[in-house]
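**Student:** The residues making up each chain are set out below.
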Amino acid sequence: MSPVLIACLLLGGLLLFGVPVAFSLAIAGAAGLFMIGGWDSLVGILETTTLSSVSAYELVSIPMFILMAEFVILSGIANGLFEAAALWVGRVRGGLAMATALAGAGFGAISGSSTASAATLASTSLPAMLRQGYDPRLASGVVAISGTLAMLIPPSVALVLYGVIADISVGKLLIAGVIPGLIVTLAIVLTVYVIVLFDPKAAPTAVSVPWRAKLGALKELGPMLLLFGLITVCIYTGLSTPTEASAIGALGALGLAVRSGNFSAAAFVSACSRSARTTCMILLIIVGAHIFGYFFTLTRTTYSIVTWVSALPLDPFVILAIILFGYIVLGCVMDQAAILILTVPVVLPVIKALGFDPVWFGVMVVVTAELGMVTPPVGLNVFVVSKTTGMPLGTVFHGVWPHVVAHILVLVLLTVVPGLVMWLPSNMQ
Amino acid sequence: MVKLIRACENGARYLGIAATVTIMAIIACDVVLRYAFNAPLAWAYEFIGLYVMAALFFLPLGYVQRCHGNIAVDLFVKLLPVPVRSAFARMGNVLAASVFAIACGAFAVKALDAFQSGDEIIGPYIWVTWPIYTIVAVGLGLFVLRLLVQVFQSEATLQHDAAEGDHGV
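If you read the protein sequences in the order shown, they are chains W and S.
Going by this note's numbering, the first residue of the first sequence is number 1, and it counts up by one from there.
Going by this note's numbering, the first residue of the second sequence is number 1001, and it counts up by one from there.
Treat the hints with care, since some could be wrong.
Using 20 Å as the maximum straight-line C-alpha spacing, the simulated DMTMM-like pairs for lysine to aspartate or glutamate come out as follows [what the hints assert, rightly or not]:
1) W:387 - W:135
2) W:387 - S:1074
3) S:1110 - W:83
4) W:352 - W:167
5) W:214 - W:83
6) W:201 - W:135
7) W:352 - W:315
8) S:1110 - W:47
9) S:1078 - S:1155
From the structure, some residues in chain S lie toward chain W, with a derived Cβ separation under 10 Å [unchecked claim]:
10) 1019
11) 1048
12) 1089
13) 1096
14) 1120
Source of the hints: derived by calculation from the structure; they are not laboratory data.
What you are looking at is a predicted structure, and each value in this text was computed from that prediction instead of being measured.
Ideal placement from N, C-alpha and C gives every residue a C-beta, glycine not left out.
Next comes chain W alone, as it looks inside the complex (with noise of 0.2 Å):
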């Protein structure tokens, strides 16, 4: 057996009884590079890949986001969001549905966390649809996927992370996020709409609320808009790079929590550490990752699988359809974040060999990844909000089907149109 066949199937087997991915990568990776280059050889990549790994100034970015998303939750701003949303679009059979879909999106404006967007709004907007009659079917499955908005629109971990790993621009990453998330949101609204009109014991109606209300409601989300006026443009102008606005984005972030009365010391710790397990688990799988790495460059893996596959009579949309499809079945079982560390090395240099643009991919594969964030098995966003309000796991993954074809679509629609994804990138200054 040839070293990088033992080292797969090491990988494989201990992904697959549960030891965790960063230790399984680092293991895997280990025991290749001391077959094929002995004891030495193994001490001087670690004694290198260990620390060049996450001293990546880019990489900064990512605690940064992870820390404003911390921030963020403890100001409780986003819990105004759902309200606000409701009052413009409540009164619309499904209003609140599609008030949680505008919340998510604004939840994803100001945090990059998936799973934090996903609990805030299972704690605020999915009793409320609960106690207006919601089918809890309809109300927890688009809570569940709203949340995975936050994943592509700006500032957005998850493309953070792919634009380290892909060493393409962070910055035209995000702003390529921006269009793609408001067509997400989009389909999530239409896809309520199409719920409700087959089946309008789905939804009930609500009253009409005055303008009054409705436009005292937008002053609560003033510090949202700022906050991701600032991000997104800093870095669409040129003003700032990703990094500097992931950390002027914390700061402001930590200032709304001061003015909004729940900052205190012991929460401020508590922030800050819940960022820094997020941040520590999100590194240590790059550090995995790069032994890994390191083995397969070392054994030209990576160059024999792009040589194969460009190599293939197939159509090149064909092999991208595969390679999506792929992404959505490893959602179905993996985290986010270490599938992008995992095969992102692996899979780019295919992409790009077969013609396509590395930024529209990273919005691709994010957009597949969402997916992955409420599929079953796995389904992160499903437990989050099972775990939050205490619902059925079947209630809530039957809920996200629709949304699954509508993203499905969503994706068909990008590929056919990678336009709606390049404009604003390619208009960056």
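Using the hints, position chain S against chain W.
**Tutor:** What follows is chain S alone, placed relative to chain W:
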């Protein structure tokens, strides 16, 4: 001994948090000084990349492992009986500890060498290297110790530690 490791992990975690806040503050100051006074902090980029990012990531590693913060694909293993699942988890810890112990040892030697030789990175600013390697060695050391401690801990203790992390305390 376990209490001592726990205390060290908590200390390292607070240093990691301090590093996170420091990065936020330095970058924000850099941007303000650049646009308001045309006087950016020229040292910020290297200082953060060399020292603070290392502290942010490596120092809390032990705490994160104590809280079971490293994600795993637990879909299939959940089907197994608890003792078997636990045996796999302990085996994974031993193997991971072996790999990261090698890295920890390498960085400890590197830190000592760098300290004795006065190794520096020379550019627009001069940066001594031994503190960087020391941070990495200390962080990895605490991480390896926690991995090994968990091999011998009961399921109840492991669950208790994981729950503690869920509350971010």
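**Student:** Measure nothing beyond the straight line between the CA atoms of residue 387 (chain W) and residue 1074 (chain S); if it is 20 Å or shorter, mark the hint as holding.
**Tutor:** Distance ~17 Å between residue 387 (chain W) and residue 1074 (chain S) Cα, so the pair holds.
**Student:** Given the hinted pair residue 352 (chain W) and residue 167 (chain W), is their alpha-carbon gap at most 20 Å?
**Tutor:** holds (13 Å)
**Student:** Given residue 1019 (chain S) as an interface hint, is the shortest Cβ-Cβ distance to chain W below 10 Å?
**Tutor:** This interface hint holds because 9 Å falls under the 10 Å limit.
**Student:** Regarding the pair residue 201 (chain W) and residue 135 (chain W), is the alpha-carbon distance no greater than 20 Å?
**Tutor:** Answer holds: residue 201 (chain W) to residue 135 (chain W) is near 8 Å, not above 20 Å.
**Student:** Hint residue 1096 (chain S) vs chain W: min CB-CB distance below 10 Å?
**Tutor:** holds (4 Å)
**Student:** Does residue 83 (chain W) lie within 20 Å of residue 214 (chain W) when you go C-alpha to C-alpha?
**Tutor:** Judged against 20 Å, a Cα distance of about 10 Å means the pair holds.
**Student:** Can we keep the residue 1120 (chain S) interface hint, with Cβ of chain W closer than 10 Å?
**Tutor:** Violated. Min distance 16 Å.
**Student:** Checking hints one by one. Is residue 1089 (chain S) an interface residue toward chain W, by the C-beta closer than 10 Å rule?
**Tutor:** This interface hint holds because 6 Å falls under the 10 Å limit.
**Student:** For the pair supplied as a hint, residue 1110 (chain S) and residue 47 (chain W), is the alpha-carbon distance within the 20 Å limit?
**Tutor:** holds (9 Å)
**Student:** Do the alpha carbons of residue 387 (chain W) and residue 135 (chain W) lie within 20 Å of each other, as the hint requires?
**Tutor:** holds (18 Å)
**Student:** Going straight from one Cα to the other, do residue 352 (chain W) and residue 315 (chain W) come out at no more than 20 Å?
**Tutor:** Since the Cα atoms of residue 352 (chain W) and residue 315 (chain W) sit roughly 14 Å apart, the hinted pair holds (cutoff 20 Å).
**Student:** Given the hint that residue 1078 (chain S) pairs with residue 1155 (chain S), test it: the Cα-Cα distance must not exceed 20 Å.
**Tutor:** holds (15 Å)
Consistency with the previously given hints fails for numbers 3 and 14, ordered from lowest to highest.
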